[in-house]
Amino acid sequence: MNNKQIPNIIGFLCNWCSYTGADLAGTSRMKIPPSLKTIRVMCSGRIDPLFVLKSFLKGADGVMMMGCHPGDCHYQKGNYNARRRYVMLNDIFKTLGLEEKRIGLWWVSASEASRFAKVTNEYNEEVKKLGTNPAKEEIFL
Amino acid sequence: MAKAVKIKKNVEEGLFDFLKSLLETEKIKGVFTLKKMDDNGAVSYSLITSPDEFKKAVPLYPFMPVNAGKALSSFTLLGKTEEPIAAVLRPCELRAFVELIKRAQGDVENILIISLSCGGVLSLNLMGDKDQESTVSKYWESVKKAEISPDTRETCQFCENFLPINADITVAAVGNKDLDKEFTLFFNTPKGEEFSKEASGSSVSEEIETKEINDFKKKREELKEKFFKETQSEDTGLKSLVNIFAPCLGCHGCSHVCPICYCTLCEFDSKTHNYPTSSLGSDLMVKGGLKVPSGNLLFHLGRMTHMAVSCVSCGMCSDVCPVNIPVATIFSKVGSSLQKEFDYFPGKDIEEPAPQGTYKEDEFTKIGEQ
Chain S
1 MNNKQIPNII GFLCNWCSYT GADLAGTSRM KIPPSLKTIR VMCSGRIDPL
51 FVLKSFLKGA DGVMMMGCHP GDCHYQKGNY NARRRYVMLN DIFKTLGLEE
101 KRIGLWWVSA SEASRFAKVT NEYNEEVKKL GTNPAKEEIF L
Chain C
142 MAKAVKIKKN VEEGLFDFLK SLLETEKIKG VFTLKKMDDN GAVSYSLITS
192 PDEFKKAVPL YPFMPVNAGK ALSSFTLLGK TEEPIAAVLR PCELRAFVEL
242 IKRAQGDVEN ILIISLSCGG VLSLNLMGDK DQESTVSKYW ESVKKAEISP
292 DTRETCQFCE NFLPINADIT VAAVGNKDLD KEFTLFFNTP KGEEFSKEAS
342 GSSVSEEIET KEINDFKKKR EELKEKFFKE TQSEDTGLKS LVNIFAPCLG
392 CHGCSHVCPI CYCTLCEFDS KTHNYPTSSL GSDLMVKGGL KVPSGNLLFH
442 LGRMTHMAVS CVSCGMCSDV CPVNIPVATI FSKVGSSLQK EFDYFPGKDI
492 EEPAPQGTYK EDEFTKIGEQ
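Protein chains in written order, with my numbering: chain S, 1 to 141; chain C, 142 to 511.
Check each hint, because a few of them may be wrong.
[As the list claims (entries may be wrong)] With the C-beta cut set under 10 Å, the calculated list includes, among others, these residues of chain C facing chain S:
hint, residue
1, Ala143
2, Ser346
3, Leu379
4, Gly430
5, Lys432
6, Ser435
7, Leu438
8, Gly443
9, Glu502
10, Asp503
11, Glu510
Rather than coming from a laboratory, the hints here were simulated on the basis of the structure. Backbone N, C-alpha and C fix where the C-beta goes; we use that ideal spot for every residue, glycine too.
So here's chain C without its partners, still in its complex pose (with noise of 0.2 Å):
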């Protein structure tokens, strides 16, 4: 069992005062969490090395302006950081960073990485927003009695891996009605203890997952099954899938903000798919029209094959999509199926290798004797 400790502090106040007392006594060199920027709401996630500038630091606020797997490959891409880290991420964001970091897109060997149960994050245009502060603490009741807010993401709303695996050390947000309080922290590697010390707080024996977090698990499946019935339904085939993504501006927004995504140079991004109007003769010639500049589904089904496998189901892609497409409930529908077919949990073990890359001989052996 991992090794709990009970802090007498409201969560915020509590893990903000151990993360700093964390870089006072220098066990650590850099903070990767997030800050606010000014006083008008924006957070972004920052390296943070002063104490000083750490009393910005707002690690739990339930917003993402960035995947932080990705944040995170940005500067570990060509090794581990020189000075050991603490990184605070929400779970599938720890997801997607072991994602990359399978890809050889980053490094998690001096980084202390702090997760949470999560009760999602807010959609992206409410930053900003001047009721943010009060959405934020009507987010922080719902969080308390284990509901699901419905001020988060979709993809939030039917996340149902919201517990965090590969968490050095989890913070126990969900369902614990006195948040104001007090709060667990979990130590769940030999990592993560070494720095059990420092929490100052009574040791304590625990489970992280109780029965409210099993309800509410319960309750987001549930909302899962529903969303995806809504979003596509399976008999209405080419016609509704057109539609969905006609609105589509081909920014490429939902692949550029996509922790899965990696490639510096997208096939998508290139000019492969597009062709002189000489060669576009035979598609007018049967069709008598084309959208221009087309492959717009060319390029949400090109890019499911290449990351919806691995799709850790953030929201990023929806929350930036500027004429509202659910594109992360699509993926997520297209990669939970994905996944279950073979048998891959995105973000679960480092040295599980990404279906694309691998294969077993003796797998759908059915196939291709017909």
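For reference, chain S alone in the conformation it holds in the complex (with noise of 0.2 Å):
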């Protein structure tokens, strides 16, 4: 993936933190990168694998998950069912040889605006390392 080309991300924000988080990055200015896609639900835990799953079968170069930092929970306890998901995910992943940077998880509250812009910003320049996701040109899914 050369410089110019915008990767596809699709992130899943949870309403109460990370998509606050980003909210507050917007209105404070800061710079986002186009690439992400948000989809906002009410809760990590509200994340299905499948939804992560299909994203990236549908071609999507990389999945952020977001959600509240441990502890910090609207619903108490739905970030670690995410978590476990996540790892559950990464673990599939791995052990099939597809490539596992192409999913996230990142814990943002709602006022760390800074730290949304900073793993936003991070996460797409590895995404625009790894290329574009070979499920894009994959037709017998």
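Using the hints, put the two chains back together into the complex; each one sits in its own frame.
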């Protein structure tokens, strides 16, 4: 992927933290990569592993799962469940030789606008290095 | 140490007599075991209550027409059985049953679990074969010598958990050279020991884990590594995965026979992932073509996230696959990696919840903070 190409990143953002954090980053006029397409979920625990798998198989170059820091979940334990799901997906990707870096999990609170800008920009660069998702070209999926 | 009784009989005959005496003395009211259906060699799991019907029972016959854990769950779903019964299961079927009980899909309370040190089961396509009897006797020869029988399922050939956990009574079979003449029954639990008087034999002090068993385990562990390496190497990625699952018909047979896949309304049997042609447009614009119906890999990867961590490696999925995809080996490979990650052994402890249903606050603490 050359520098001019914009990757396709899907972000599943928790309503109570990272989504609000993204909002704050926007109103604070921080630079967020245009590659990120956000999908608001009510909790990181709502992110079904199938959402992530489907994004990946439909050709998303990267998938970001974002939620509240451990202990801060609006619903007490949703992010702990999300963490286990992420670990599971990561392990499956590794075992099968898929690129596990195409999925990631970050904790970003509602006040951490600068952290949101930082992780999204960093991940954008990382995905650029990874190149285009091979699933994008694959017909037999 | 578990109570052990040595019975001076052929193992198949001895267990048959033991079960029959339990049934005749009405200590148990039914036996759940394999029964010969007809003269064509087909066997099926049956719940037998009358000693007359029991004549055709073949408790240790090396076939698994359905995972018995799933079969037991089918009639204990709403609670324990009314009368006490005995069930003869293979270790992986027992693990599957325990996994189902964890998911509130069965009840073990009134069931006396009898299991064995297992040499594997034969591939289902050998059932009804004209050489069936000779294949079966060849199988028993390899069990006696604690060798890996090449006619057994692939997952059986590399199964290292062939000693039952949670069984009330264990039949020692693997590595017993005199299996035609004598065998040992181990009564592992108080529930099992209640029935030890019915076993007509002499009490002995033996351990189930003999040298032969340990050697056998080692052999299988080596084979496991080999199979895992061959199935799908880690550096080939998506392309090789697509190639492996390319012949998939989408019959979902693997999920229907899987004991862990217990959902009655499976997401993948629903129309959730079917779209009208209008929404295929964006895919077609990028790819210029599309497999129809699509979602082949999504089904397999999705099923992995649902059940692989509890996979008991029974091999049913590979055995029913009409296009011979090594489903069981791949799921077993992914499963054992996940089980290591979550420090989980499926089917070991009824009280331990499945990894998806629980969490610890102080685990994986580095994740998400980068």
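- Residue hint Asp503 of chain C, partner chain S, criterion CB-CB below 10 Å: holds, 9 Å
- Once the shortest beta carbon distance from Lys432 of chain C to chain S is found, is it less than 10 Å? Interface hint status for Lys432 of chain C: holds (5 Å vs cutoff 10 Å).
- Task: Using 10 Å as the Cβ threshold, decide whether Leu379 of chain C counts as touching chain S.
- Result: Because about 5 Å separates Leu379 of chain C from the closest Cβ in chain S, which is inside the 10 Å limit, the hint holds.
- Query: Regarding the hint that Ala143 of chain C lies at the interface with chain S, is the smallest CB-CB distance below 10 Å?
  - Reply: violated, 36 Å
- Would the stated hint for Gly430 of chain C survive a check requiring a Cβ distance to chain S of less than 10 Å? Constraint on Gly430 of chain C satisfied, holds at 5 Å.
- Item | When the least beta-carbon distance from Leu438 of chain C to chain S is tested against 10 Å, hint result | Leu438 of chain C check passes; min Cβ-Cβ to chain S is 5 Å, inside 10 Å.
- Identify whether the interface hint at Gly443 of chain C stands, where standing means a beta carbon of chain S within less than 10 Å of its own. holds, 5 Å
- Hint check, Ser435 of chain C versus chain S [nearest Cβ-Cβ separation less than 10 Å]: Holds. Min distance 6 Å.
- Query: Are Glu510 of chain C and chain S close enough, Cβ to Cβ, to be under 10 Å, as the hint says?
  - Reply: Hint holds; Glu510 of chain C Cβ to chain S Cβ min 6 Å, cut 10 Å.
- Item | Glu502 of chain C as chain S interface residue, shortest Cβ-Cβ below 10 Å | holds, 7 Å
- Using 10 Å as the Cβ threshold, decide whether Ser346 of chain C counts as touching chain S. violated, 43 Å
Checked against the numbered hints given earlier, this structure breaks hints 1 and 2; the rest are met.
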